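2 protein chains.
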Amino acid sequence: MTANSLVHSKLVCVALNDKAQLAALDATFHQDPYKKPPTQPVLYYKPRNTWSQEGAEVEWARDFDGNPVAAMVVGASLGVVIGKTTCRVSPQEALSHVGGYTVVADYSLPEQNYYRPDIKGKCLDTSAPVGPKIIPAAEIANPDALSISITVNGSVKSVFKLSQMQRSVAELISIISSIMTLQPGEVIAVGFAGNRVPVAKGDKVAASIEGIGTLTNTLGGA
Amino acid sequence: MTANSLVHSKLVCVALNDKAQLAALDATFHQDPYKKPPTQPVLYYKPRNTWSQEGAEVEWARDFDGNPVAAMVVGASLGVVIGKTTCRVSPQEALSHVGGYTVVADYSLPEQNYYRPDIKGKCLDTSAPVGPKIIPAAEIANPDALSISITVNGSVKSVFKLSQMQRSVAELISIISSIMTLQPGEVIAVGFAGNRVPVAKGDKVAASIEGIGTLTNTLGGA
Chain C
301 MTANSLVHSK LVCVALNDKA QLAALDATFH QDPYKKPPTQ PVLYYKPRNT
351 WSQEGAEVEW ARDFDGNPVA AMVVGASLGV VIGKTTCRVS PQEALSHVGG
401 YTVVADYSLP EQNYYRPDIK GKCLDTSAPV GPKIIPAAEI ANPDALSISI
451 TVNGSVKSVF KLSQMQRSVA ELISIISSIM TLQPGEVIAV GFAGNRVPVA
501 KGDKVAASIE GIGTLTNTLG GA
Chain X
301 MTANSLVHSK LVCVALNDKA QLAALDATFH QDPYKKPPTQ PVLYYKPRNT
351 WSQEGAEVEW ARDFDGNPVA AMVVGASLGV VIGKTTCRVS PQEALSHVGG
401 YTVVADYSLP EQNYYRPDIK GKCLDTSAPV GPKIIPAAEI ANPDALSISI
451 TVNGSVKSVF KLSQMQRSVA ELISIISSIM TLQPGEVIAV GFAGNRVPVA
501 KGDKVAASIE GIGTLTNTLG GA
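So the protein sequences, as listed, match chains C and X.
Its first residue numbered 301, the first sequence is counted upward by one per residue in the working numbering.
Its first residue numbered 301, the second sequence is counted upward by one per residue in the working numbering.
The shape of chain C in the complex, shown without the other chains (with noise of 0.2 Å):
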């Protein structure tokens, strides 16, 4: 179902923008079929039925069968939300395109792989909350500087200081304004830890970024 979200348009993720996850994966990219790692970021859609909020029940994902898959992920990232029309902008005036930040909630099912299109996995019903609100950009003085935490029923599992990410947040305004036009209220997801964290049926989990807000969801299904 289409929740109330606050997502105009498009929610469009970044994967392995994690410095650190890149470094792990080094030896797996050089093998078949590419040889090298990713030169442009790796993009990826979290389509409109995915789109959720603050405080709302995400949904225990099922298998083509109808059955409670064995086990979910989430990852957490700050989220850019574009203030005008973007095409084609430089690093040195992205930022000036931002209408604001808010936090992206990620749920999705373990990644099996880094190739193909995990469209199954990542476009689950309810599977990407953002919110609670969104912070006008003007009071944030550098993205880059932030810090997101997920916490699962009161006990942090993840920590990631986006300094840690591959490409910063001008950077990825500039190259993804580059393959596609952007518009107000959409919303880029920047970057994750490169390690997901597991979740429950039932758990409660927070994503949390200072200055930015805390945004709260329950897994369904328990």
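If you are wondering where the hints come from, they were derived from the structure by calculation, not from laboratory data.
Certain hints may be false.
Stated by the list, open to error - Each computed BS3-like pair below joins lysine-lysine, with the alpha-carbon atoms no more than 27 Å apart:
| id | chain 1 | residue 1 | chain 2 | residue 2 |
| --- | --- | --- | --- | --- |
| 1 | C | Lys-336 | X | Lys-335 |
| 2 | C | Lys-335 | X | Lys-461 |
| 3 | C | Lys-433 | C | Lys-461 |
| 4 | C | Lys-335 | C | Lys-433 |
| 5 | X | Lys-336 | C | Lys-335 |
| 6 | X | Lys-461 | X | Lys-336 |
| 7 | X | Lys-335 | X | Lys-319 |
| 8 | X | Lys-319 | X | Lys-457 |
| 9 | C | Lys-433 | C | Lys-457 |
| 10 | C | Lys-319 | C | Lys-336 |
| 11 | X | Lys-336 | C | Lys-336 |
| 12 | C | Lys-335 | C | Lys-319 |
These numbers were taken from a predicted model, which means no experiment stands behind them.
Following the hints, put chain X in place on chain C, whose structure we already have.
Chain X alone, transformed into the frame defined by chain C:
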């Protein structure tokens, strides 16, 4: 830019649904990293910035430096327009969820490989015209019996019988609705001929399905 479009909320395309293409790629599929052909439909999105309409100019793509790309290709598909909320329907009931049919053209960069999600090549601004109109589902007895042709500057370049699809329209709706809930107005491009058609700046391209319509667009940049 976001042109007017018949699409509501989502345009999802099915790749690798041409039996002849699958047969031709069989040896490749058995190499690393998969060692077997895909077991589920391979999907990709055309996001909102790609949506366009009958008669519109399709922008000639530019590279990261802003220079015109050397080559573009086009494919065309039957577009299945969802008529009501569709979640985990069986193949038997799937067609009763279709509101109508239309034509989808997919302009892109030539595909480099079949592994990494090709966001850069598929998400070009204005690269997904849909139309010219939606034909009510009741008027189409058997969508899998249709045939789609692509004409460039008046010469037929591709003819694809939907009976050559690996998975039928009903099967695809069933499977995709098990991955994500589909909403009215969302469009599925169910399958393209494996060989995309090369196009040049200024070409006039017509994608046509008898009984559904002819979608005509011109490449820009001439």
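These are the hints, each one checked on the structure:
Proximity of C/Lys-336 to X/Lys-335 is assessed by CA-CA distance (about 20 Å); at most 27 Å being required, the pair is judged to hold. With a C-alpha separation of about 37 Å, the suggested pair C/Lys-335 and X/Lys-461 falls outside the 27 Å cut-off, and the hint is violated. Distance check on the hinted pair: C/Lys-433 and C/Lys-461 sit about 21 Å apart at the alpha-carbon level, within 27 Å; holds. A distance of roughly 42 Å separates the Cα atoms of C/Lys-335 and C/Lys-433; the hinted pair therefore is violated under the 27 Å criterion.
About 20 Å separates the Cα atoms of X/Lys-336 and C/Lys-335, which keeps this hinted pair within 27 Å; it holds. For the hint pairing X/Lys-461 with X/Lys-336, the CA-to-CA distance comes to about 26 Å; that is within 27 Å, so the pair holds. This hinted pair checks out: X/Lys-335 and X/Lys-319 have alpha carbons roughly 18 Å apart, not beyond 27 Å. Between X/Lys-319 and X/Lys-457, the direct Cα distance comes to roughly 19 Å. Compliance with the 27 Å bound is thereby established for this hinted pair.
A hinted pair counts as satisfied when its Cα atoms are at most 27 Å apart, and C/Lys-433 with C/Lys-457 qualifies at roughly 23 Å. Distance hint between C/Lys-319 and C/Lys-336 is fulfilled; the C-alpha atoms sit about 15 Å from each other, no more than 27 Å. Of the pairs offered as hints, the one joining X/Lys-336 and C/Lys-336 holds, with about 22 Å between alpha carbons and a cut-off of 27 Å not exceeded. Proposed proximity of C/Lys-335 and C/Lys-319 is supported: the alpha carbons are some 18 Å apart, at most 27 Å.
Checked against the numbered hints above, the structure violates hints 2, 4; every other hint is satisfied.
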